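> Read off the chains here:
Protein chains: 2
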Amino acid sequence: MTNQVMPNFIIKRVSLTPQREAVRFEGKKYTFSELYEKSYQMAGQLSGMGLKKGQYAGVLLNNHVDTVCIYLAFQLLGLRAVILNNRLTADELAWQINDSKAAFLVTENVFLSKWEVLNELLPKVKTILKEELAETDFIEPAIVEEINLDDICTIMYTSGTTGHPKGVLQTYGNHWWSAVGSALNLGLSEKDCWLCTVPLFHISGYSILMRSIIYGMKMVILETFNERAVIEIIRSEKVTIMSVVSTMLNRIEAELKDNLPAEFRCMLLGGGPAPKSLLEKCVSKQIPVFQTYGMTETSSQIVTLSPEHSLSKLSSAGKPLFPSQLKIIDINGNETAPKVAGEIAVKGPNVTIGYLNREKETSEKMMNGWLSTGDIGYLDEEGFLYVLDRRSDLIISGGENVYPAEIEGILVSHPAIMDAGVIGIKDDEWGEIPIAFIAANSELSEEAIFEFCRQKLAKYKVPKQLNFIAEIPRNASKKIMRRELRKLVE
Amino acid sequence: MTNQVMPNFIIKRVSLTPQREAVRFEGKKYTFSELYEKSYQMAGQLSGMGLKKGQYAGVLLNNHVDTVCIYLAFQLLGLRAVILNNRLTADELAWQINDSKAAFLVTENVFLSKWEVLNELLPKVKTILKEELAETDFIEPAIVEEINLDDICTIMYTSGTTGHPKGVLQTYGNHWWSAVGSALNLGLSEKDCWLCTVPLFHISGYSILMRSIIYGMKMVILETFNERAVIEIIRSEKVTIMSVVSTMLNRIEAELKDNLPAEFRCMLLGGGPAPKSLLEKCVSKQIPVFQTYGMTETSSQIVTLSPEHSLSKLSSAGKPLFPSQLKIIDINGNETAPKVAGEIAVKGPNVTIGYLNREKETSEKMMNGWLSTGDIGYLDEEGFLYVLDRRSDLIISGGENVYPAEIEGILVSHPAIMDAGVIGIKDDEWGEIPIAFIAANSELSEEAIFEFCRQKLAKYKVPKQLNFIAEIPRNASKKIMRRELRKLVE
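In the order they appear, the protein sequences are chains A and B. So the first sequence is numbered by UniProt numbering: it starts at 1 and just counts up by one. So the second sequence is numbered by UniProt numbering: it starts at 1 and just counts up by one.
FYI, nobody ran anything at the bench for these hints, they're computed from the structure. Every value quoted in this text rests on a predicted model; they were computed, and no experiment measured them. Hints are not guaranteed to be accurate.
Same chains, same label: a pair holds when it works inside one copy or across any pair of copies.
[Unchecked claim] Okay, derived cross-link-like pairs now, EDC-like style, lysine to aspartate or glutamate, Cα gap no bigger than 16 Å in a straight line:
(1) Lys29 / Glu223
(2) Lys426 / Glu227
(3) Lys327 / Glu146
(4) Lys28 / Glu343
(5) Lys327 / Glu145
(6) Lys285 / Glu255
(7) Lys126 / Glu116
(8) Lys327 / Asp380
Build out the structure end to end from the sequences listed, making use of the hints.
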């Protein structure tokens, strides 16, 4: 299938438009040519450290230009990047690295406390520090000139109802089709500039990088989100598009005094449903919000509201992008009628080919190319998607997915905790936050549990509230009845 | 390979943006919804005539909105359109229809003199007249909801050095990748509008239709080219992009008094190298000319000059579009150094999978995905392509390819002609025109030969000049030495 073969994206981009601006970070700008040179240099240094085509290697980095170059060096070498969420604890990271069978971990000094623990937990995994790369011997790298769209580019872990994170396989084709689908919906201009304040380790951030390479478009990277800085940079860098989750949008809207510049054309809003009140406030301040729906398994947005419907279909996520398809299925797997809710299923060349080393879970969630998302929604008569609930028990907190089952698994691993149940409750700042119900078989202090969680769980997953109860309500098949827990809160 | 599966393009487009303007023809406008309705209607009528998925059927039509709908009806039904050049003679058409094994011919009354002869020559091929379709029984059509990018969409015939036309297979994927590659180079805006005055039966016109569907973009169709009408329509319809060959551009440039409107952003110039003097005149009149290089086998442009180089690399065709690759090879098949001319070879997902029913020719021209174009060119140090010669002996007359071998074959089929040689000479109006050298073994009038040619050859292929000589110069291997013929002219 020669039709699936393409030039390596970054090599092609630098051959087409070497002098175009590619990245702006901390006031410095990098052309595609400069970005390529830096990436090529890193590819040579990674080669010097013994990394080779086809290998899986973990990457644990903050948002900065070097991260972009390391990702691109991975692509140049044909390495598969196991991209790690830097908010995770050492325990969580170790689980994912181990599961992926990665032999290397590329990280940086700032995560010292994490990788020191990792070195103890996974003594066979070799840690490579970004800061030490510069002093590494450069070996002329064996560059992958052509990629096959079916080749695996990245792996990102997501949890599910089972609690164990699974590595989502993202091919070059997944990223390519995602970028193309987005361009066909949003349009594409030489003057485009995409602001990336979302983490590069999320598909939301990584997909901006891929669009930058595929479109030949400038991206501005911020290490952390700050609403005042964002508004300033939109003006000074002539940003035209920005990806946000509703927590960010909330803060931007509150901070914004005057209208954004006319060239700012799209505020791409992902990471869970947004309150209608926020959307209405954005309309009144003329912030051009485009709601989207997507997930790690769809390599970012798969459903986006197109320009002409951004007002008339305000709280809809839109229609599936050109290359993709969507249907709502009832409990028997049949398509539902308009306005009838059911599970959202998606299909398309941007949809993952499956989960790393998990044939069973892959075949459970995917059939004939259709991925069952577990999310609940309906289509209106015109085919616009309205998302009602994300994966029934999924909590989305500040754009991060929090899976109750994962937190429950940690809680019950404590010797004094008999059973535990976690639900999300609404929160003005974060959208939702996780809270826990605990059935303990001895005297146990709140602080001891919090401390235990902080050791085992990323900060955003640590329950913000603990409630001690005699017994966690479970149904006949021993599943937690979260609805009952919710009643206890109300 | 579910990754190659996509929704049928026109079905997807109408679901995304039903109310957007799709086509403007003779002052009437059609939304995507209206276009779909008309196409669906025709699909039902074609079904009523017995056409079924997977069949090959000839299409011989002029440039009008019905033609667009018939092409789309073919896509809805999964029919393979053998798209015929309406300038061909009945003999030439019969050859192609016969070669493709098409069982049907969809045409219109205006080509009466051609299809009447065709009915005699190919009694088994059923002729379907567009004008009669409306009265045909409508059968609920079996619509192809999903296409595979490897499915064959269209077949267009091109001749080669052998003289026999070959059917170029164009898949849905070829058209898709061509449209995407073009968008990544030229950008894409909701306000785009592409003017189509080139024939829809050429890849230059058909590719505009495909872009219209894939981008959700308006296309304005003219039945014939007229420079005054073109300039007027660019203004009145807010055209942003137009495809031209140099004969057209010449006339537009000569007619143009004031600058074109600012929103007109691209004059896409294909169909053979253009004289530098014309390009310079366009620069001075601020006509934004983008030179391209492409052919039926690459589903339109494969190399295009990007916006930032349109002036600095004036007579270059540019660089290969993002999904595609190009190299220059010497006689031993090795890549040449910069500035060293050789044969142009191309590769990419927009390149044909081969020729219909011609495995031998396919394997001769294609190796590991690389297509040998037969054209001669070189790359400069920065990788910009300069095309020196099209397929050594190919003549390009007003954007139409004229193959000397094909004309020679017709000439020697005359009982009184012993041997014949054809070359192209420069012409101010058409770029090039074919002229013939004839070795006749009896008294034969010029007029008799012209008349014979007119019966057998499309008008643009008929030699414009006849030269009687004693013997056609041939080399040891009996190949015509066209250079010697050229000396006779000079």
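> Which of the stated hints cannot be reconciled with the structure, identified by number in ascending sequence?
2, 4
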